[in-house]
Amino acid sequence: MSADMDNSKIIELVLGALDGDMDTINAIEDRVVRSKAKAALFKAKKDPEGYRAKNIVSSNDSEPSSKAVSNEVKDASLINLVLKGLDGDMDSVNAIEDRVFRSKVKSALVKAKKNPEEFKKLNHLSTKSVDTETVEKTQSESKKDSISFKIKEMADSKFPGSITNENIEDFLLVKSDLWYDFADMLKNESSFLFDSLQCQTGFDIGEDTLEARYNLHSMTKNHYIEIRIQVPVKNPQIPSVETVWRIADWFERETYDMFGIEFLKHRDLRRILLPEDWEGWPLRKNYEVQETYHGIVIPKMKEGWE
Amino acid sequence: MGLLENKFNDNIIVEKLDKLLSWSRSTSPWFFQFGTACCAIEMMAAAASRHDLMRIGMIPRSSPRQADVMIVAGTVTMKMALRVKKLYEQMADPKYVVAMGSCATSGGPYWQHGYHVLKGVDIVIPVDVYVPGCPPRPEALIEGLLKLQEQILEERPLTRKMA
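Going line by line, the protein sequences match chains A and B.
Each residue of the first sequence is one higher than the one before, starting from 1 at the first, in the numbering used here.
Each residue of the second sequence is one higher than the one before, starting from 1 at the first, in the numbering used here.
Among these hints, one or two may not hold up.
Taking lysine-lysine pairs in the DSS-like style, the calculated list, with each CA pair at most 30 Å apart, reads [claimed, not checked]: (1) B:K79 - A:K265; (2) A:K54 - A:K120; (3) A:K38 - A:K113; (4) A:K234 - B:K79; (5) B:K147 - A:K300; (6) B:K86 - B:K147; (7) A:K106 - A:K120; (8) B:K16 - B:K147; (9) A:K175 - A:K285; (10) A:K38 - A:K9; (11) A:K300 - A:K234; (12) A:K265 - A:K234; (13) B:K86 - A:K300; (14) B:K79 - A:K300; (15) A:K285 - B:K79; (16) A:K36 - A:K111; (17) A:K111 - A:K46; (18) A:K106 - A:K121.
Think of the hints as simulated: they come from the structure by calculation, not from any bench.
Turn these sequences into a full structure, and let the hints steer you where they fit.
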């Protein structure tokens with residue numbers, strides 16, 4: 001009987017050690033058991049997967065009722081903890097009392113970090129089967145909580161039709177003619193308070209469309225949003241938000257300089273980098289360099305470089 | 001006997017005025033202190049105490065009116081080219097230009113692409129010495145400036161040039 005006990009104990013210890021927990025083995029008082037465990041571990045390390053498969057099955061066989069259930073519960077919570085750890089929440093992992101279980105979680109986390117996407121995909125399925133309701137609930141709640149959904153909700157009531165993209169998780173595509181009022185709302189509405197325009201830039205996205213992008217951050221609320229506005233190349237006009245965020249003054253001048261997007265009601269819309277009398281908009285896809293500038297010939301392309 | 005014979009003490013050197021002028025010019029070519037890009041950092045290092053341009057008689061001046069040498073230190077954009085030309089025109093004769101670094105000599109990394117970069121400052125102003133490097137070390141710049149001094153020393157400003 002005692003030999004049996006020892007055996008199952010050793011198997012447990014070796015399994016723990018395979019997951020990286022050597023402390024428990026080293027902490028065994030009984031020298032015989034300790035050396036047995038170490039010897040078993042040495043063998044097991046040659047074929048860890050086989051050892052695991054064999055012994056998890058055998059332990060299930062010996063005690064099918066209680067241990068299997070507790071294992072399943074532990075597995076589910078392990079996966080949850082690893083998912084949390086992947087999202088950066090290490091505190092709940094570190095707070096585990098049981099040392100063996102903690103080290104198991106940590107080693108699983110190390111493995112999961114090698115391919116987090118795969119792990120998440122795999123385990124969303126399994127956690128769903130365990131705890132489908134809570135997972136779905138938290139997901140839908142986090143969606144409703146995200147700032148872009150809140151903005152869309154308010155924009156739909158204040159400026160219906162201003163947001164034109166369907167999938168609004170990453171950015172909001174705003175209609176250009178409503179942009180000034182929209183920006184004013186983003187800055188002054190008490191639940192948004194986007195007080196900092198971090199970046200404003202332009203894109204030539206092809207298909208005769210230019211795009212202006214605004215990266216906003218709220219220092220008081222600590223949330224971010226990206227706004228995109230698309231305008232046709234033939235008539236690239238966007239209302240200026242220079243009076244809303246003062247920094248937009250030079251940002252918009254730069255976008256005007258490089259893309260020729262005209263910011264309406266900007267108080268000082270001049271080129272900011274290139275000389276005033278430069279021709280064309282350099283960052284557009286169809287830009288052609290002018291031949292001369294004040295009598296200085298601009299070479300198109302020098303031959304024989306490569 | 002000649003008019004000047006036995007008239008001088010032995011601390012007087014007799015030399016051609018022509019040569020004297022070029023010698024005095026060559027030993028104190030004050031340079032115009034302005035940089036257009038990263039080469040300016042090396043120019044500052046060359047002027048600072050470790051390399052000390054002043055020991056070869058070069059003092060940075062902040063005005064083109066007081067400067068003899070213009071060190072074009074760095075990339076010259078089309079916008080800047082007009083201003084460089086204007087500054088050069090404001091310098092008093094005799095004036096010299098050192099093109100420092102790849103950008104000022106040939107356009108450097110912007111040689112093929114870079115619509116807004118002047119491919120060498122010699123397109124707008126005459127250059128006396130080219131210092132290659134990206135950026136050149138202070139030693140390289142000093143070497144270039146010594147070459148310029150040699151060049152000035154060989155000048156004969158008073159002699160009539162043969163056609």
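Taking the hints in turn, this is what the structure says about them:
1. A distance of roughly 27 Å separates the Cα atoms of K79 (chain B) and K265 (chain A); the hinted pair therefore holds under the 30 Å criterion.
2. For the given pair, K54 (chain A) sits about 27 Å from K120 (chain A) by alpha-carbon distance, which is consistent with the 30 Å threshold.
3. This hinted pair checks out: K38 (chain A) and K113 (chain A) have alpha carbons roughly 28 Å apart, not beyond 30 Å.
4. A hinted pair counts as satisfied when its Cα atoms are at most 30 Å apart, and K234 (chain A) with K79 (chain B) qualifies at roughly 28 Å.
5. A distance of roughly 34 Å separates the Cα atoms of K147 (chain B) and K300 (chain A); the hinted pair therefore is violated under the 30 Å criterion.
6. Using a Cα cut-off of 30 Å, the hinted pair K86 (chain B) and K147 (chain B) holds, with the two alpha carbons roughly 26 Å apart.
7. Our distance criterion of 30 Å between C-alpha atoms is met by K106 (chain A) and K120 (chain A), whose separation comes to about 16 Å.
8. Between K16 (chain B) and K147 (chain B) the CA atoms are separated by roughly 23 Å; this keeps the pair inside 30 Å, and the hint holds.
9. Among the hinted pairs, K175 (chain A) with K285 (chain A) is consistent with the structure: their alpha-carbon atoms are about 23 Å apart, no more than 30 Å.
10. For the proposed pair K38 (chain A) and K9 (chain A), the alpha carbon gap of about 12 Å is at most 30 Å, so the pair holds.
11. Between K300 (chain A) and K234 (chain A) the CA atoms are separated by roughly 26 Å; this keeps the pair inside 30 Å, and the hint holds.
12. Straight-line distance between C-alpha atoms of K265 (chain A) and K234 (chain A) comes to about 19 Å, which keeps the hinted pair within the 30 Å bound.
13. Only pairs whose Cα atoms come within 30 Å are accepted, and K86 (chain B) paired with K300 (chain A) is accepted, the gap being roughly 26 Å.
14. Taking the CA atoms of K79 (chain B) and K300 (chain A), the gap is near 18 Å; set against the 30 Å cutoff, the hint holds.
15. The straight-line distance between the Cα atoms of K285 (chain A) and K79 (chain B) is roughly 23 Å, inside the 30 Å bound, and the hint therefore holds.
16. At most 30 Å may separate the alpha-carbon atoms for a hinted pair to count; K36 (chain A) and K111 (chain A) meet this at roughly 28 Å.
17. As the CA atoms of K111 (chain A) and K46 (chain A) are separated by approximately 19 Å, the hinted pair is consistent with the 30 Å bound.
18. Simply put, K106 (chain A) and K121 (chain A) have alpha-carbon atoms about 19 Å apart, close enough for the 30 Å limit, and the pair holds.
The structure fails hint 5 only (numbered hints given earlier).
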